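A.B. asks: Required output: the full structure, derived from the provided sequences and hints.
Note that the protein sequences, when read in sequence, are chains L and D.
So for the first sequence, the working numbering puts the first residue at 3; every next one is plus one.
So for the second sequence, the working numbering puts the first residue at 3; every next one is plus one.
Rather than coming from a laboratory, the hints here were simulated on the basis of the structure.
It cannot be assumed that every hint is accurate.
Just so you know, same-sequence chains aren't split out, so a pair can sit in one copy or run between any two.
[Unchecked claim] The list that follows gives simulated cross-link-like pairs (lysine to aspartate or glutamate, DMTMM-like), each with its CA atoms no further than 20 Å apart:
(1) 268 <-> 317
(2) 190 <-> 138
(3) 79 <-> 223
(4) 74 <-> 138
(5) 280 <-> 223
(6) 298 <-> 83
(7) 74 <-> 171
None of these values were measured; they are calculated from a predicted model.
Number of protein chains: 2
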Amino acid sequence: MTELTRRAALAGVAATTLMPLSMTPARANAPQADKQAPSFYRYNVGTHQITVVCDGVTVVSRPDNYVANASKDEVSKVFADNYMPADKATQSYSPIVVNTGSKLVVIDTGLGPTNFEQSKGRVGQFQTNLAAAGIDRNSVDTVIISHFHGDHINGLLAADNKSAYPNAEIMVPSAEWKFWMDDGEMSKGTGNPILEGNFKNARRVFDALGRKVTQYDAGKEIAPGITSVASPGHTPGHTSYIVASGSDKLLVQVDITAGAAFLFVKNPDWQLLFDVDKPLAVQTRRKLYDMAIAEKMPIQAFHAGFPGHVRVEKDGNGYRWVPALWNTSL
Amino acid sequence: MTELTRRAALAGVAATTLMPLSMTPARANAPQADKQAPSFYRYNVGTHQITVVCDGVTVVSRPDNYVANASKDEVSKVFADNYMPADKATQSYSPIVVNTGSKLVVIDTGLGPTNFEQSKGRVGQFQTNLAAAGIDRNSVDTVIISHFHGDHINGLLAADNKSAYPNAEIMVPSAEWKFWMDDGEMSKGTGNPILEGNFKNARRVFDALGRKVTQYDAGKEIAPGITSVASPGHTPGHTSYIVASGSDKLLVQVDITAGAAFLFVKNPDWQLLFDVDKPLAVQTRRKLYDMAIAEKMPIQAFHAGFPGHVRVEKDGNGYRWVPALWNTSL
Chain L
3 MTELTRRAAL AGVAATTLMP LSMTPARANA PQADKQAPSF YRYNVGTHQI
53 TVVCDGVTVV SRPDNYVANA SKDEVSKVFA DNYMPADKAT QSYSPIVVNT
103 GSKLVVIDTG LGPTNFEQSK GRVGQFQTNL AAAGIDRNSV DTVIISHFHG
153 DHINGLLAAD NKSAYPNAEI MVPSAEWKFW MDDGEMSKGT GNPILEGNFK
203 NARRVFDALG RKVTQYDAGK EIAPGITSVA SPGHTPGHTS YIVASGSDKL
253 LVQVDITAGA AFLFVKNPDW QLLFDVDKPL AVQTRRKLYD MAIAEKMPIQ
303 AFHAGFPGHV RVEKDGNGYR WVPALWNTSL
Chain D
3 MTELTRRAAL AGVAATTLMP LSMTPARANA PQADKQAPSF YRYNVGTHQI
53 TVVCDGVTVV SRPDNYVANA SKDEVSKVFA DNYMPADKAT QSYSPIVVNT
103 GSKLVVIDTG LGPTNFEQSK GRVGQFQTNL AAAGIDRNSV DTVIISHFHG
153 DHINGLLAAD NKSAYPNAEI MVPSAEWKFW MDDGEMSKGT GNPILEGNFK
203 NARRVFDALG RKVTQYDAGK EIAPGITSVA SPGHTPGHTS YIVASGSDKL
253 LVQVDITAGA AFLFVKNPDW QLLFDVDKPL AVQTRRKLYD MAIAEKMPIQ
303 AFHAGFPGHV RVEKDGNGYR WVPALWNTSL
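C.D. replies: Right, dumping it as structure tokens:
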């Protein structure tokens with residue numbers, strides 16, 4: 003033992019001896035966790051199995067025109083009334099996986115690895131939660147894209163900028179491809195930073211995939227038991243889905259209420275900044291919700307709080323979501 | 003190769019050759035899951051960490067007097083309005099774990115291994131979900147029991163009929179111990195099958211533990227930052243809790259609304275069959291909900307749908323729960 007070490011050791015003993023007991027912090031027998039539970043959830047629609055796989059939640063600064071036709075204060079009040087920071091936008095993102103028995107289908111892909119980095123892990127969690135659900139991305143047969151906003155398409159690419167689903171057919175709405183991949187439409191969008199960003203981002207993602215996609219039309223069965231439903235407004239080719247198996251049906255609404263979606267459930271005439279054709283988005287929203295109510299159809303909502311398995315009901319001039327009870331068995 | 007085997011092999015080839023392609027069922031690249039996601043969820047209250055650990059959900063046949071002061075049809079309507087089977091009672095069970103930093107505390111224990119067998123795994127999931135949350139039952143320092151109904155105490159015992167928490171102090175409300183463990187009270191309960199069953203079950207559980215418990219009173223800090231709050235009615239010594247850390251507070255309501263709890267949130271004057279002192283249960287329910295509203299306190303509710311982290315608001319003559327948004331990060 004060197005003198006230095008011996009002295010240090012003696013000093014250590016002295017320090018310990020001198021520290022009163024009350025200063026020794028008690029410790030629980032187990033440490034606190036630093037991670038949330040994996041955020042996935044399953045339910046069946048007939049013989050189809052849905053796995054909701056959350057991509058994350060963001061609490062972001064909110065532009066004053068977040069709702070184009072309501073004042074900042076009106077919008078702040080709804081956030082505060084829902085126990086969220088009044089001056090921010092709190093937003094959830096939940097893609098789903100449908101196992102039809104014959105196909106393993108991913109519908110939308112979340113914000114992907116780039117946004118995972120930017121958000122310090124708050125979003126871009128889809129792949130982690132998919133793996134926690136025991137689903138290998140290499141086993142995915144089909145990826146259906148609803149529309150070309152980044153929170154739906156960015157996750158098509160893995161961290162190496164190659165397909166995150168190397169063995170899957172990528173299916174995109176033909177109306178969406180026609181709009182976002184058209185150079186004429188892109189030049190018309192010049193000067194609108196939201197549109198410009200989305201035009202560029204769609205090209206970034208699909209160019210990395212060599213534009214190898216299958217285009218699909220609305221009103222078709224595009225995978226077993228999964229029918230595309232035109233729901234334009236949020237974007238020109240925005241598409242929802244009906245998953246049907248036996249007598250069971252589910253409306254996969256996607257973004258007919260988007261962003262902090264609960265705002266637009268309560269106030270369906272409000273127009274989200276990101277809706278490309280705002281009056282059409284309002285019309286589509288009311289049409290699909292009225293259909294779901296008339297047909298007593300449950301809904302899977304991308305931007306509802308996870309797991310986003312809800313019913314919609316009329317509530318005054320608007321609607322309200324009724325979340326399904328979490329079931330601990332299948 | 004024996005003749006038999008060779009013939010069988012040839013027959014196999016023939017059968018395969020003859021089967022038309024359309025008869026070969028397509029298979030997705032991944033099988034469907036047979037299990038739900040592990041049902042646990044975390045959030046922080048100041049520096050205290052809450053882990054909600056679900057014990058399961060039951061859908062059981064409902065006695066006509068499930069609500070003592072409402073008709074079968076009125077009750078059926080509320081279940082149907084909430085998209086649940088009208089003639090059954092759908093009930094969720096969610097104990098919690100609180101890591102105070104210095105103590106790892108379980109509050110209530112679920113239905114335990116016996117009911118796991120009986121329900122074919124629909125309840126008694128607490129230990130499985132606790133393990134999924136990375137919490138070792140041997141690390142638990144303290145188990146706090148709110149009241150002596152089976153869904154709160156049965157999980158004190160493991161499958162071997164010994165303590166499921168061998169290293170923990172078991173804390174019980176003194177008023178609850180006084181009522182259920184008293185032979186005079188037990189004989190007064192004779193002829194009431196619900197009371198009889200609960201008197202016998204409390205003895206079964208606590209006798210197996212050698213009656214080694216610490217009794218606590220209401221209105222005391224019984225673990226760091228955890229204060230007991232008298233909330234009698236559901237049972238004589240039924241206890242709720244306030245978890246406080248820094249400026250954050252949480253009301254752990256336990257069973258001030260019990261069974262299919264949402265019925266009694268909407269109709270707080272309704273009396274659950276299992277409430278021992280029904281008018282007092284109604285009074286306690288309103289008192290604690292009005293307090294939570296006045297103090298803007300979030301609530302953790304044992305019988306709410308998992309995860310049961312909610313706010314309560316006035317709604318006409320009753321209340322409504324507003325579930326907290328699922329957060330994917332801590």
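A.B. asks: Among the hints numbered above, which are violated by the structure, and what are their numbers in rising order?
C.D. replies: 2, 3, 4, 5 and 7
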